Each structure stands twice: as C-alpha cells, then as structure tokens.
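> Here is what each chain is made of, one letter per residue.
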Amino acid sequence: MKGLLKGLAGAAAMAAVGFTGAAKADDTIKFALLQDFTAVYTFVTDEYNQGQRDYLRLINEEGGINGHTFEALIRDTGNEPQRGIEAYNRARREGAVLVDFLSTPVSRAAVNRVLEDEIVMITVLHGRGDASDGQTFPFVFPMMATYWSQAALLADYIDNHGGGLEGKRIAHVYIDSPFGREPVPVLRELAERKGFELRTFAYPSPGNEQSATWSDVRRFRPDYVILWGAGGGQPVSVREAIRNGIPQENILSVVWMAETDARTVGTDLATGVKRFEAVATGTDYPIMQRIMEKVIEPGHGAGPRENVGTTYYNIGVASMAVAVEGARIALEEFGTPLTGDKLRRGMEMIEDFDAEGMMPPVTLSEEDHQGGGYGRVSRWDGSAWEPVTDWFNAHQDIVWEEIEKDAAGFREGR
Amino acid sequence: MDFSYFFELLINGALTGLMYSLVALGIVLIYKSAGVPNLAQGAMVMISAYVIWMFTSMVGLPVYVSIAVAVVVMFLFGLLAERLLLRKMVGQPIIMIVMLTLGLEIFLRGLGPGFLGAAPKQISLGIDMMPIIVGDVFINREYLIGGAIAVTMIALSLLFFRTRLGTKLRAVSDDHVSSWSVGISVERAIGISWGIAGVSAVAAGALWGSVQGVDWTLSMLLFPAVAVVILGGLDSIYGVLVGGLIVGILGSVIPGYVDPLVGGGTRDVVTSLIILLTIIFRPHGMFGREDIERV
Amino acid sequence: MFYRQSGVHHTRYQTARRLWPLPTDQRIVWLLLALAVAAPFYMSDLYLTSYMLPWLIWSAAALSLTLLMGIAGQLHFGFAAVMAIGAYTSIHLTRAGVPFELALIGAGLMSAVIGCIFGAAALRVKGLYLVMATLAMQYLVDWTIINVPAISGGAQATLSTPSVSLLFVPLRGDTALYYGALLWAVIVTLLVLNIKRTSFGRALVAVRDKDFAAAVIGVNPFKYKLLAFFTSSFLGGVSGAVLAFCYYQAVTPEQFGFNVSIQLVAMVLVGGLGSVIGAFLGAGFVLLVPIILTNVVAYAAVAGWLTVSSNLLAHIPLMVYGGLIIGFILFEPLGLAKIYDNIRKYFLVWPFRHTQS
Numbered sequence: 001m002k003g004l005l006k007g008l009a010g011a012a013a014m015a016a017v018g019f020t021g022a023a024k025a026d027d028t029i030k031f032a033l034l035q036d037f038t039a040v041y042t043f044v045t046d047e048y049n050q051g052q053r054d055y056l057r058l059i060n061e062e063g064g065i066n067g068h069t070f071e072a073l074i075r076d077t078g079n080e081p082q083r084g085i086e087a088y089n090r091a092r093r094e095g096a097v098l099v100d101f102l103s104t105p106v107s108r109a110a111v112n113r114v115l116e117d118e119i120v121m122i123t124v125l126h127g128r129g130d131a132s133d134g135q136t137f138p139f140v141f142p143m144m145a146t147y148w149s150q151a152a153l154l155a156d157y158i159d160n161h162g163g164g165l166e167g168k169r170i171a172h173v174y175i176d177s178p179f180g181r182e183p184v185p186v187l188r189e190l191a192e193r194k195g196f197e198l199r200t201f202a203y204p205s206p207g208n209e210q211s212a213t214w215s216d217v218r219r220f221r222p223d224y225v226i227l228w229g230a231g232g233g234q235p236v237s238v239r240e241a242i243r244n245g246i247p248q249e250n251i252l253s254v255v256w257m258a259e260t261d262a263r264t265v266g267t268d269l270a271t272g273v274k275r276f277e278a279v280a281t282g283t284d285y286p287i288m289q290r291i292m293e294k295v296i297e298p299g300h301g302a303g304p305r306e307n308v309g310t311t312y313y314n315i316g317v318a319s320m321a322v323a324v325e326g327a328r329i330a331l332e333e334f335g336t337p338l339t340g341d342k343l344r345r346g347m348e349m350i351e352d353f354d355a356e357g358m359m360p361p362v363t364l365s366e367e368d369h370q371g372g373g374y375g376r377v378s379r380w381d382g383s384a385w386e387p388v389t390d391w392f393n394a395h396q397d398i399v400w401e402e403i404e405k406d407a408a409g410f411r412e413g414r
Numbered sequence: 001m002d003f004s005y006f007f008e009l010l011i012n013g014a015l016t017g018l019m020y021s022l023v024a025l026g027i028v029l030i031y032k033s034a035g036v037p038n039l040a041q042g043a044m045v046m047i048s049a050y051v052i053w054m055f056t057s058m059v060g061l062p063v064y065v066s067i068a069v070a071v072v073v074m075f076l077f078g079l080l081a082e083r084l085l086l087r088k089m090v091g092q093p094i095i096m097i098v099m100l101t102l103g104l105e106i107f108l109r110g111l112g113p114g115f116l117g118a119a120p121k122q123i124s125l126g127i128d129m130m131p132i133i134v135g136d137v138f139i140n141r142e143y144l145i146g147g148a149i150a151v152t153m154i155a156l157s158l159l160f161f162r163t164r165l166g167t168k169l170r171a172v173s174d175d176h177v178s179s180w181s182v183g184i185s186v187e188r189a190i191g192i193s194w195g196i197a198g199v200s201a202v203a204a205g206a207l208w209g210s211v212q213g214v215d216w217t218l219s220m221l222l223f224p225a226v227a228v229v230i231l232g233g234l235d236s237i238y239g240v241l242v243g244g245l246i247v248g249i250l251g252s253v254i255p256g257y258v259d260p261l262v263g264g265g266t267r268d269v270v271t272s273l274i275i276l277l278t279i280i281f282r283p284h285g286m287f288g289r290e291d292i293e294r295v
Numbered sequence: 001m002f003y004r005q006s007g008v009h010h011t012r013y014q015t016a017r018r019l020w021p022l023p024t025d026q027r028i029v030w031l032l033l034a035l036a037v038a039a040p041f042y043m044s045d046l047y048l049t050s051y052m053l054p055w056l057i058w059s060a061a062a063l064s065l066t067l068l069m070g071i072a073g074q075l076h077f078g079f080a081a082v083m084a085i086g087a088y089t090s091i092h093l094t095r096a097g098v099p100f101e102l103a104l105i106g107a108g109l110m111s112a113v114i115g116c117i118f119g120a121a122a123l124r125v126k127g128l129y130l131v132m133a134t135l136a137m138q139y140l141v142d143w144t145i146i147n148v149p150a151i152s153g154g155a156q157a158t159l160s161t162p163s164v165s166l167l168f169v170p171l172r173g174d175t176a177l178y179y180g181a182l183l184w185a186v187i188v189t190l191l192v193l194n195i196k197r198t199s200f201g202r203a204l205v206a207v208r209d210k211d212f213a214a215a216v217i218g219v220n221p222f223k224y225k226l227l228a229f230f231t232s233s234f235l236g237g238v239s240g241a242v243l244a245f246c247y248y249q250a251v252t253p254e255q256f257g258f259n260v261s262i263q264l265v266a267m268v269l270v271g272g273l274g275s276v277i278g279a280f281l282g283a284g285f286v287l288l289v290p291i292i293l294t295n296v297v298a299y300a301a302v303a304g305w306l307t308v309s310s311n312l313l314a315h316i317p318l319m320v321y322g323g324l325i326i327g328f329i330l331f332e333p334l335g336l337a338k339i340y341d342n343i344r345k346y347f348l349v350w351p352f353r354h355t356q357s
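In order, the protein sequences belong to chains F, P and A. First residue of the first sequence: 1, per the numbering used here; consecutive thereafter. First residue of the second sequence: 1, per the numbering used here; consecutive thereafter. First residue of the third sequence: 1, per the numbering used here; consecutive thereafter.
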C-alpha cells in the first residue's frame, strides 16, 4: 500500500515535470517508440530500438533538421493492448507526431485511434499488411515490404534462381497464428499461376518443439521450404529442416531470421540458409559509418556496441531514416510546427529514398504506403548474412489484390 | 497407412514427452513433499538456462562445468525460495499458494532477461545434430539424449527415495504432523525437495536451452509439464515417466494425422484435452494418491 | 468522530440490512459516485480514457470473478476466455443488426452457457484440479477463436466494433464511452453487493466453506455451483463485451489470452477474496501499477537517476510487480480490502482507540 501510494505520488510529480518540459521545448520533434521489451517481441525489440535511438541521436549530433532536433519517447508495453493505449495517449499529450509499437496486437488496437487523432503510425514489418492502402489507412505506414510481398519475393527468387517454380513442391511451414497464415493466400495464388505444388504445415506456438510437423514435411519431399515464424521457433525450424534432410540452400525464411538465430542453429550448420532481407546488414554504409563515428565512438550509443550493424539494428535505423526524411520534406513544404497530418503528407512525398544505399529505394504516395514491396534475398555464409540478389520486388499485382481485399474488409469493420 | 511415419511420430513424441517430464519432475518432487503446486517451475527452468549461459559466455567456463555450477546455484535457489516464501504460506488456502508461485514466475521473468538480456542466447552441448536413421525413421539425437537423461533423473529420484533421507521425505509426504512427532525435520525435508527440484530444472534448462535458445519462452514449458503432472498424478514419480510418455506420444501422433485435416497446430488442443479428461475421469491421475476429504 | 454510530437506531429489519447502515459510509459512497459521474468534467482525457475507463471495466470483470472465486469458492483460471466469448458474441450480434442492449444480453447468455461447461468440471473436482481444468479450457477457447476465421474475423484476426447506441445515446466520444462503462460497473457492484445478502449468496458461501456440510443443511452444492458459474460467467461475458465496445473498439484474440486470466485472478486475490471494494482496489493495482511503474522508471531514466541499460529498465517494472504480488500474499493475504478495513476500523473508534468497536 505504501509502495503504491509512493508510486502514485511519484507518478504525479513526474507527470508534472513532463508537462512543463513539453511546453517549453517547441522545436523538438517527438517520436514515440512504445514497444514490447518484455514479452513476445523481445527477440527483436532491443536491437531495433537501439538502432532507432542511435539514428535519432546521429541526426541531433549533426544539428537536426533546420535546427529541429528529435526526441524519442520510450515505453515498454509488454505487448498488452491496454498498456499500449495508455502509452499512446500519454505520448500524444506530450506532442508525439509519430508512434511505433513494433507489436501487432497493440498496433491493431491503435489503428482506429491514430486514424482519428491524425498521428502517424509506422508498422515496419508488423501490424496489418493491408495498411499499405493509403486511402483507407491515411496515417498508417508499413513503409517496407509486407508479409505478402515477402512471400511473393521469395517465390520469385525460387522461380528465377532455383530453376523455375513449374512442378516444384514447396512447403510453407509456419507458426500457428494469424501472422503465420498471412502469406498463404498469396502463395496459393502463385501456386495456381506458376504451377507448383504448395502444402502448408503449422507448428504450435511458441515453436520450441516441432518434430511431429517436420516428420510430415519430410514425407512431402519438398524442393524448397519457406519458414514463417519468429523468435525461438526459427532456429528450431532450421535445425529440424536440416535434420530431416532438406539442404540448407533450399531453406528460405521470412524476414525474422537474424545473426542470433544462425548462432543458435550453429554458425557452420546454418551456412546456406536464405532469408528475406528488408534492409542491408553490417556497417559498410555511409549512415552506419557516421553513427559509428558520431554516436558510438563518443560513447553516446543506446546499447551494447556489438549490436551495431546487426539485422534488427539496421532495420531500426532504416525505419527512422524514412521517418526523418518524411519529417524533413514536411518541414520544407509545410513549415513548422510539425503535426501528424503534415508528417503524413511529407512521408507521402518520399521518392526513391534509399538511406544512402542501406535499403531498397522507397517511394511512398497517397495510395501506396508500402513503398513498392522491395527486398532481397540474403544467405548465411558462416559468419554473416550476404546478399545474393539485388533489390527487387515481385508479383505486386497479387499483393495488391490481397491489400485491397483486406482493406475493404477493414472498411466493413474487420 | 505409412507405418514408418507412425513410428517416427511415436518415437520422437515419446522422447519429447520425456523431456517434458524433466520439467514435470520438479513439480512432482515439490508437491510430493510439501503439497505445493509450483507453477514457477517453468521460470526456474528459464533461470537455470540463463545461469548456464552466464557461466559459459560471461565467465568463460566449459559448458559442463557451468552446468555443475548451475546445479549448485539452483539447489541454493530452491532452498531460498522455500525458506523465504513458501514456508510462510503453510496453512494458507491453495489459491494463495498458486498465486504466490505465479508471482514468483513474473518476478523471475523480469530478473533473468532483465539482467542478462532479453534477446535469445545460445548454449551448445556439443550434441551431433544429425538424426539416427533406422530404416525410414529419423530419430532426433538431441531428444534421444534428453530422453535418456530424463529417464536417468527419474530413476535417480526413485532410488533417492529409498535412501535414508528419501525415506524421511516419504514420511513427510505422508503426514507432516506425524513426521514431526517422530523427530523428522519437516522443514528441512521440504527445503531439500525444493533444492532437488532446482537441480532437475537445470537438466531441463540445459537441454531445452540448447534446442531452442535461451530466452523467456522457456518458462512456457510449464503448460505441457502441467499436463504430464496431472495425467501421471501430482505426487507420483512413476507418473512423471508414464505421463510424459503419453503426453509426448499423443501430442505428436494425433497432430501428425489431424493437423493436415484441420489446417492448424492441434498439439495444444491435445494437451488441454488430456488435462481436462484426466480431471473429469480420474482427478488424481494414473498413479496419484486419491485425496480423502473429511467433513 | 467521523463514523458516528450514536443515533443510528434500527427499528425495522429493512434498515438494519441496508447495504451501508452507517451514515458516513453512505456519504462516502455518494461522494465517490458523484466524483465518478463528474469525472469527465475535471479529468483530462488521458486519465479518463487510459486510467478511469479501463479501471472501471476491469473492476466489473474482477467483481464477476469475485462472485465466483470469493463468494462461491470456485477457482477459475480461464475467466479471460469467458470474457472473450462475450466480446465476440456481442460483436457478431451487433454486426448482424441486433440492437446493442440485446447483444449485451446475448453475449452474457452465450458466456453463461459456455461458462457452465467450465463449471461442469467443478462438479467433480475443486481446488488445484479446478485451476488446471479451467486453465485447459482457456487454451481450448483461445484455439477455437484463433482457428475459426468466422469468429476471429479473417486474415487480420481483427474485428472493429460497429458504432452502436446504448439506451438511445450513441456510444461515441470519450464521455459517452466512459458513462457506458460507469453504468455497467455500478450495475455489477450493486448486483454483487446484493447477492451477498440474499439467500442465494448465503448458499454460495455455505458451498464455499464446505460443500459436504452445505449438502447436509439442505443446500444443493451441484445446483449452487452451477448457478455461481452461470451468474458469474454472465457478468463476465457482458464485461467482456463492454470492454470491447467501450475501450478497445476492436477485438483481437490476444486481448483475452491466458495472461489476462492470470491478471484477473491477481486482481481478485490482491484486492481480497470475496470483497467488493477489494475488486476495485485489486483491479486498480494490477492494471495501473505496471503502467505507473513503467512511467516512473522511464522518467527516472530520462532525469538521469537510473543509469542502467534500456533492457534492464524495461524489466524493472516486471520484477517490482511480481515482487509486489509476492509481498501482498505473504504479508497481507486478505488483500487491499483488509488494509481499507483496518483504516476504516481505526476511524470508526477514533479518537477513542481503546474502546471496542
């Protein structure tokens, strides 16, 4: 009880401090990074969030945009919608113009609210894929390839680099959840068009034990396996695939496959496994070099140094790079103060932005909030993920059919 | 009907079930002596895996030395948990004890990932990953070793209950008050059973941690372990063995044939149904002791 | 002094059995109700929509569970599933064009019927085994919702609530939603308070204390256990529907997962088993403490008082929260309601603390 009272008193005092702070700092732009640090998304959040904060720090170190600096508001939501909504309402009060939940349940619960409050929500590689339809979701920006685009791209990779899809047997092995099932319609449509045989195999969440599923997969004798999972289930999938005699080269994965997963599989054993890649990995890019020089070296980094340049770190950097670019355009075109609506219009004017080579060129428009659905395939070479293709996109017609179908569903309240 | 498919599901399922038994063993040991359903056992498995990882990666010990260190650490942890938390709960309603262990689980889920990092970590036990191939049946080597360790642990527990200390534990599990009256230190006996539960959590943590990586999801092993315990009987060590085999086999064979038909993973359904049906038809499980209630 | 008992004379049984016989208690209740009704006028929208509103709805849910766990003594670790059934039923009914008021009743009935199936296990077992059985049913309901697209709403597994009106007032805007939630919380509170003093409530208490003994004095435990599950699931189902319509405005399966069931049980236990005020305090504790802790820790970090890694920072609230639950159960097993009761008792005899109360 005493602790509770103390907490309440403390919170009230802190809130007062927060509000006065918000009143005077006029030209800082606030991005709310209200993510899940403690529950389902822990496998990605740490590195992702670190990348986002380091990039914002870099922009501030370089003097901001026309004198505007950025501030990140960070809260843990624990993947719980009610905590996410509280954090969102608080951030909105503090003047945030952009939110990033990195949690599908929380972003789903927030969609109606951001549309009403006119605050930009970025849903990088999570959330509703149909939010790519900018007309239905004016304030929601997936910004990178949706799961549908990723599935189409992986299939196209097999088509062009794996000896054609015609007559192939492809196994889609997924975690039993809406996320795992999401790409199935696209793959089915492609199977019909390209004439390959598709079978889907679900394993129970959280995926720490999949042996029964893989006994079945092996008897299907697939030419290629597409893995659709995240976190702890991914290395288990790869190990089971290898154990069941599927060559590493024929294992392809959704974007959620990183250095840690390869290490859990075993760095040598994982050699040859391929994955979809939305943002380049490593530190050999101008932005990363500047982050090293101006943020990490002086000791301003937001987390452990060894995380810099990992897959999820770079996705975090890229997500903020696009958002900051949107803010820059918005400030140039529409002037201060930056509001959610101006930021949205700014982001919709982004054209061929590639974060100095770190990511595929993104072009957003009023209709298209996905940015083209570009990506590439990379391969684990024993120590790092090496790209094996250029940036490309594939079968966007099928992807957009899905987007429009689900967006229509959303308009009807689904 | 494809018999090799059936056998493969059967064997791998049985081995998986034995690995669940490793988690379940701790719950049974504690329930047997203290009558406390320890729902924090999953979190203890997670903490064990984190401790092993800490000593291999941060201190640089060989993995098997780290496991030995973890055994000591978790034994002490069990003693402490009993001394500081559960001993104060004697005589409280069961729901309070259940909630206390759940509170402990929440606390541990903050503690391990908070101090040691939430991103997945690796433990490598150096087990060859390639399967043992018998005809057309692939047997998972990791599970085979895990299953063997589980059987060993269960056998050791059974033997342990035949030692002098174990006899005392059995007396305690029969009746606290009469054990007291013949001079057995009930507190010490219960403390030791918590310590041993900590040790079995280390075995589970090492094996499962090497299979799936170390992060908080290890604590979700609690659910299949609960099914094992309910099916086998809350206070029976034989029950852990048999219950583990059955839960593992049904959880592998049934989804193997049903999943393609319903298009979804049905293992959790099977596990839930095992719990439900056991409770409805034989609440005390296959080998558990039936509670006799007096008005 | 504050709780003056002199001059309070009951000449009829009705007055002696009033909910709040002491004038001071009545005044406190009226004051709290007035504060709650006036909340939209003095609270900022942040505190109204993110603290008051969810707190009221979760309190109603915790009260429903208190009726089952505290008064009838039947443990339930799958109450979030019951709420999910209510939420999904109400959404599907309103989408089919049924008026919202009827949809709420339909949601309650659906939850009550399925809740009774949960209760069937209670006819056979109790205590720990009931915990496990209800936990298994929670998984079954979750699985069904996720795996039947007709229920969960297709590929995105999200269903937005259609715009509806409650008693001819459109449920739109913070204030209307808040009053909807307040109305439901008041109804449930009065209902549970009254159940406690009826023969139904006393029968439930008899079953809780010892079901065999209850059978001996002529209370049919089977009937009353099932009735307890029915009533409590009905209230829980409607609470789930209110939660979906007044707060989330879109339902997804994750909103009613296993961890929510645990949170509900924690609300009831931390508040104090069987206490109505405890349900409110417990819901406030379990719902708001993690949020407040997260904010306090975040501000402390921004202010530079806490210099640790962001990872540890995020996990501190989890540890403190778990620690607080442990602490409550160890040091105040009767929960927050007992603390309230102690304070009330203190003032009951204040300033003559040595007199008997």
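Calculated directly from the structure, the hints in this document are not laboratory data. Errors might be hidden in some of the hints.
To be verified - Partner residues are not named here, just some residues of chain P that face chain A (Cβ under 10 angstroms, in silico):
1) 14
2) 94
3) 102
4) 105
5) 124
6) 126
7) 148
8) 238
9) 246
10) 250
11) 254
12) 258
13) 260
14) 274
15) 276
Unchecked claim - Not close to chain P: a few residues of chain A, all C-beta gaps over 12 angstroms, as computed:
16) 45
17) 135
18) 165
19) 313
Since the model is a prediction, treat every value here as computed from it, not as a measurement. Glycine included, each C-beta is placed from N, C-alpha and C at the ideal position.
> Where does the structure disagree with the numbered hints, that is, which hint numbers, in rising order?
1, 5, 6, 7, 8, 9, 10, 11, 12, 13, 17 and 19
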